[in-house]
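**Q** So the working numbering is basically just the index in the first sequence, starting at one, shifted up by 32.
The hints are simulated quantities; they were obtained by calculation from the structure and are not laboratory data. Take the hints with a grain of salt, since some may be wrong.
Quick list of in silico lysine-lysine cross-link-like pairs, BS3-like style, CA-CA up to 27 Å [unchecked claim]: (1) Lys382 with Lys486; (2) Lys431 with Lys475; (3) Lys336 with Lys302; (4) Lys382 with Lys130; (5) Lys432 with Lys349; (6) Lys115 with Lys336; (7) Lys151 with Lys237; (8) Lys432 with Lys227; (9) Lys302 with Lys423; (10) Lys583 with Lys535; (11) Lys579 with Lys484; (12) Lys520 with Lys535; (13) Lys445 with Lys431; (14) Lys148 with Lys115; (15) Lys535 with Lys445; (16) Lys194 with Lys237; (17) Lys166 with Lys208; (18) Lys130 with Lys177; (19) Lys166 with Lys177; (20) Lys445 with Lys583; (21) Lys336 with Lys579; (22) Lys349 with Lys302; (23) Lys237 with Lys115; (24) Lys89 with Lys148; (25) Lys349 with Lys423; (26) Lys456 with Lys583; (27) Lys115 with Lys382; (28) Lys445 with Lys89; (29) Lys130 with Lys115; (30) Lys486 with Lys475; (31) Lys130 with Lys237; (32) Lys456 with Lys484; (33) Lys423 with Lys445; (34) Lys89 with Lys130.
The following label-pair restraints were derived from C-beta to C-beta distances [claimed, not checked]: (35) Glu355 with Pro430: 42 to 52 Å; (36) Leu40 with Ser516: 26 to 36 Å; (37) Pro430 with Val480: 26 to 36 Å; (38) Glu524 with Ile267: 49 to 59 Å; (39) Leu40 with His478: 52 to 62 Å; (40) Glu567 with Glu116: 24 to 34 Å.
No residue lacks a Cβ here, since even glycine has one placed at the ideal position from N, Cα and C.
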Amino acid sequence: MEDKKESLNFIEQIITEDISSEKHNGRVLTRFPPEPNGYLHIGHTKAICVNFELAEKFGGACNLRFDDTNPTTEDTEFVEAIKEDIEWLGFQWNGDVKFASDYFDQLCAFAEQMIKDGKAYVDPSTPEEIAQQKGTPSTPGTGNKYRDRSIEENFQLFQEMKEGKHPDGAMVLRAKIDMTSPNMLMRDPLMYRIKHAHHYRTGDKWCIYPMYDFAHGQSDSIEHITHSLCSLEFIHHRPVYDWFIDNLEIFPSRQIEFSRMNVEYLITSKRKMLKLVGGGYVTGWDDPRMPTVRALKRKGYPAKAIRLFCDKVGMTKRENLIEFDLLESCVREILNETANRAMVVEDPVKLIITNYPEGESEMLPANNNDGDESAGTREIPLSREIWIERKDFMEDAPKKFYRLSPGRNVRLKHAYILHCEGFKNNEEGELEEVYCTYYPNSKSGHDVSGVKPKGTLHWVSIEHGVECEIRNLEHLFTDPAPDSHEGKDLLEFINPDSIQYSKGIMEPSLVSATKGQQFQFLRKGYYCVDTDSTEDRLIFNRTVGLKSSWKPKK
RNA sequence: UGACCCAUGGUGUAAUUGGUAACACAGCAGUUUUUGGUUCUGCCAUUCUAGGUUCAAGUCCUAGUGGGUCAACCA
Numbered sequence: 033m034e035d036k037k038e039s040l041n042f043i044e045q046i047i048t049e050d051i052s053s054e055k056h057n058g059r060v061l062t063r064f065p066p067e068p069n070g071y072l073h074i075g076h077t078k079a080i081c082v083n084f085e086l087a088e089k090f091g092g093a094c095n096l097r098f099d100d101t102n103p104t105t106e107d108t109e110f111v112e113a114i115k116e117d118i119e120w121l122g123f124q125w126n127g128d129v130k131f132a133s134d135y136f137d138q139l140c141a142f143a144e145q146m147i148k149d150g151k152a153y154v155d156p157s158t159p160e161e162i163a164q165q166k167g168t169p170s171t172p173g174t175g176n177k178y179r180d181r182s183i184e185e186n187f188q189l190f191q192e193m194k195e196g197k198h199p200d201g202a203m204v205l206r207a208k209i210d211m212t213s214p215n216m217l218m219r220d221p222l223m224y225r226i227k228h229a230h231h232y233r234t235g236d237k238w239c240i241y242p243m244y245d246f247a248h249g250q251s252d253s254i255e256h257i258t259h260s261l262c263s264l265e266f267i268h269h270r271p272v273y274d275w276f277i278d279n280l281e282i283f284p285s286r287q288i289e290f291s292r293m294n295v296e297y298l299i300t301s302k303r304k305m306l307k308l309v310g311g312g313y314v315t316g317w318d319d320p321r322m323p324t325v326r327a328l329k330r331k332g333y334p335a336k337a338i339r340l341f342c343d344k345v346g347m348t349k350r351e352n353l354i355e356f357d358l359l360e361s362c363v364r365e366i367l368n369e370t371a372n373r374a375m376v377v378e379d380p381v382k383l384i385i386t387n388y389p390e391g392e393s394e395m396l397p398a399n400n401n402d403g404d405e406s407a408g409t410r411e412i413p414l415s416r417e418i419w420i421e422r423k424d425f426m427e428d429a430p431k432k433f434y435r436l437s438p439g440r441n442v443r444l445k446h447a448y449i450l451h452c453e454g455f456k457n458n459e460e461g462e463l464e465e466v467y468c469t470y471y472p473n474s475k476s477g478h479d480v481s482g483v484k485p486k487g488t489l490h491w492v493s494i495e496h497g498v499e500c501e502i503r504n505l506e507h508l509f510t511d512p513a514p515d516s517h518e519g520k521d522l523l524e525f526i527n528p529d530s531i532q533y534s535k536g537i538m539e540p541s542l543v544s545a546t547k548g549q550q551f552q553f554l555r556k557g558y559y560c561v562d563t564d565s566t567e568d569r570l571i572f573n574r575t576v577g578l579k580s581s582w583k584p585k586k
């Protein structure tokens, strides 16, 4: 039992081998390298968990480095948001936050070294010409005359680029690798381009900026990253990554790729998310239906649940589409332990306990969480008239309907057993009132009535109940993979009912609930106090429903 | 007309590295329960195809099939 062999995923195996061969003296340093040009989403959480947790598992650390080499898309606002999200997820990065822009001087020196080694050249070709000369994946590219420029001339031109003597797009610095490589990225990749743009950190100091391929590996190397874990889409960059490290003769960081995580109903393309926000399909980046980390948080998903989910999803190089059910199961698993229970009635119907004395009420004790005594207790007021859910009464009920129906018994949670005597419909034929008697000797915890009802209902005293708003959230899309349909726009799959607003009546103890606080509304689901809540009106997001084996058919 | 990555129940992963295909989620049935929640139990269902190596192949080799990826002065 104790010696159960723990299985390692393929990255853990690599790291284990590296440690046992004393590569880097057994040191493990990973990094999470976002570009500060947007908010983190569910897809990022996988990369975050992998990098931070693997480092921790092997006694190492994980750097947070902002890959900020494109001044026109990046902003300090996103730096702050990303840091906040990572901390919320419960991770602490190694030392100070790092920035690729802190390495601009070093990167520039690397470039000059490449030029002096005859391995880089300045090319004034237009983007179209460069693209054309690159060939296609199935046909080799051809070099141009600038490849053979002299070292002195290249050096001179690069200085001019750096000094701002040339306009944007006039020329680029390229690595001289192999224009006939079957790997397109090895066909003399661009190292530097001219951009007379203000950088949010370096200001106007630079007018040339390194490209990803000339910044990422070198930044890893500068930080002595041992294992640079990234998603599969970068696999073709690895030869470039290695080529620069080899030719610069710098610290040999190693890139390892894994498949990104795709989750049903959630999209992770920034462009597509922007479409949702920009088009008003959601209220913003933190709309609880969005796949961003801040949206999931607002919806009530605990950080622990998201991490549990990432762990359960595993680690491979395969394409995947993970069922939304797995995510929800993780959320329920965490919330079941941590969320206090409360009673809230949605779509209420009045129930009158006809033999309960008018004008009287009593306080009934209730556990906040039956599975966790430390969660404490609260008191719930009961009076003659209460709200119950409309769904909990049926005139002609099937045998398996364990709720209210004329002649049947049912328990009010934390209170007494009721016997249903009758009901009244309004003129439209809708249920208006339900009439019951209660067994005074059936009080919860002191039941000597001998009555054994099949079901238990939640309820709220009409006199004491407080109104709130409930936002019932569904998938934003009607299709589990809305962006996978060739020729069809994502917006064709928008779910028009992805958010439904309804009124709820809550037990009075909930009035002191604070933003972000999570509850299980008995028999309903898990709910979280939304940030839109005000002093006098609480708003709850439905985080996830409870599982239910009762399915009323037709 | 190229290169690279991948292929195990419905889904996601595992298999002591060549030795009885297992875990989780979902589904179904039951148990427990003052939540049709929770708990617990059981059931269902798996190695892409064809060759080869081997006493033995999910695992190694070859070919095929299928899926994915690769061209931005983005990262």
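**Q** Now, for every hint given, state plainly whether the structure supports it.
**A** Evaluation of the provided hints:
Pair hint Lys382 plus Lys486 holds up; C-alpha atoms about 21 Å apart against a cutoff of 27 Å. Restraint check for Lys431 and Lys475: the C-alpha separation of about 26 Å stays at or below 27 Å, so the hint holds. Proximity of Lys336 to Lys302 is assessed by CA-CA distance (about 25 Å); at most 27 Å being required, the pair is judged to hold. The straight-line distance between the Cα atoms of Lys382 and Lys130 is roughly 60 Å, outside the 27 Å bound, and the hint therefore fails.
At most 27 Å may separate the alpha-carbon atoms for a hinted pair to count; Lys432 and Lys349 exceed this at roughly 47 Å. With a CA separation close to 17 Å, the supplied pair Lys115 and Lys336 stays within the 27 Å bound. With a C-alpha separation of about 26 Å, the suggested pair Lys151 and Lys237 falls inside the 27 Å cut-off, and the hint holds. Distance check on the hinted pair: Lys432 and Lys227 sit about 71 Å apart at the alpha-carbon level, beyond 27 Å; violated.
Between the alpha carbons of Lys302 and Lys423 the distance comes to roughly 41 Å, so the proposed pair goes past 27 Å and is violated. The suggested pairing of Lys583 with Lys535 holds, with an alpha-carbon distance near 23 Å, which does not exceed 27 Å. This hinted pair checks out: Lys579 and Lys484 have alpha carbons roughly 24 Å apart, not beyond 27 Å. Distance restraint check for Lys520 and Lys535: the Cα-Cα separation of roughly 36 Å exceeds the 27 Å cut-off, and the hinted pair is therefore not satisfied.
Distance hint between Lys445 and Lys431 is fulfilled; the C-alpha atoms sit about 21 Å from each other, no more than 27 Å. Restraint check for Lys148 and Lys115: not satisfied, since their Cα atoms lie roughly 39 Å apart, outside the 27 Å limit. A C-alpha spacing of about 21 Å is found between Lys535 and Lys445, which places the hinted pair at or below 27 Å, so the restraint holds. A distance of roughly 10 Å separates the Cα atoms of Lys194 and Lys237; the hinted pair therefore holds under the 27 Å criterion.
The suggested pairing of Lys166 with Lys208 holds, with an alpha-carbon distance near 13 Å, which does not exceed 27 Å. Between Lys130 and Lys177, the direct Cα distance comes to roughly 39 Å. Violation of the 27 Å bound is thereby established for this hinted pair. Proximity of Lys166 to Lys177 is assessed by CA-CA distance (about 14 Å); at most 27 Å being required, the pair is judged to hold. For a cut-off of 27 Å, the pair hint linking Lys445 to Lys583 stands: about 21 Å separates their Cα positions.
Distance check on the hinted pair: Lys336 and Lys579 sit about 20 Å apart at the alpha-carbon level, within 27 Å; holds. With a C-alpha separation of about 22 Å, the suggested pairing of Lys349 with Lys302 holds against the 27 Å cut-off. Under the criterion of a C-alpha separation no larger than 27 Å, the hint pairing Lys237 with Lys115 is consistent with the structure, at around 25 Å. Restraint check for Lys89 and Lys148: not satisfied, since their Cα atoms lie roughly 42 Å apart, outside the 27 Å limit.
Pair hint Lys349 plus Lys423 does not hold up; C-alpha atoms about 47 Å apart against a cutoff of 27 Å. Taking the CA atoms of Lys456 and Lys583, the gap is near 26 Å; set against the 27 Å cutoff, the hint holds. For the given pair, Lys115 sits about 49 Å from Lys382 by alpha-carbon distance, which is inconsistent with the 27 Å threshold. Between the alpha carbons of Lys445 and Lys89 the distance comes to roughly 45 Å, so the proposed pair goes past 27 Å and is violated.
For a cut-off of 27 Å, the pair hint linking Lys130 to Lys115 stands: about 11 Å separates their Cα positions. Only pairs whose Cα atoms come within 27 Å are accepted, and Lys486 paired with Lys475 is accepted, the gap being roughly 16 Å. Pair hint Lys130 plus Lys237 holds up; C-alpha atoms about 19 Å apart against a cutoff of 27 Å. For the suggested pair Lys456 and Lys484, the alpha carbons sit about 26 Å apart, so the restraint of at most 27 Å is met.
Straight-line distance between C-alpha atoms of Lys423 and Lys445 comes to about 16 Å, which keeps the hinted pair within the 27 Å bound. Restraint check: the Cα-Cα separation between Lys89 and Lys130 comes to about 22 Å, which is no more than 27 Å; the hinted pair holds. Restraint check, Glu355 to Pro430: a C-beta distance of roughly 31 Å breaks the suggested window 42 to 52 Å. Between Leu40 and Ser516 the C-beta distance comes to about 32 Å, which sits within the given range of 26 to 36 Å.
Roughly 31 Å separates the CB atoms of Pro430 and Val480, a value that falls within the hinted 26 to 36 Å. For the pair Glu524 and Ile267, the beta carbons lie near 32 Å from each other, so the given range of 49 to 59 Å is not met. A hinted range of 52 to 62 Å for the beta carbons of Leu40 and His478 is consistent with their spacing of about 55 Å. Remark: the range hint 24 to 34 Å for Glu567 to Glu116 is upheld by a beta-carbon distance near 26 Å.
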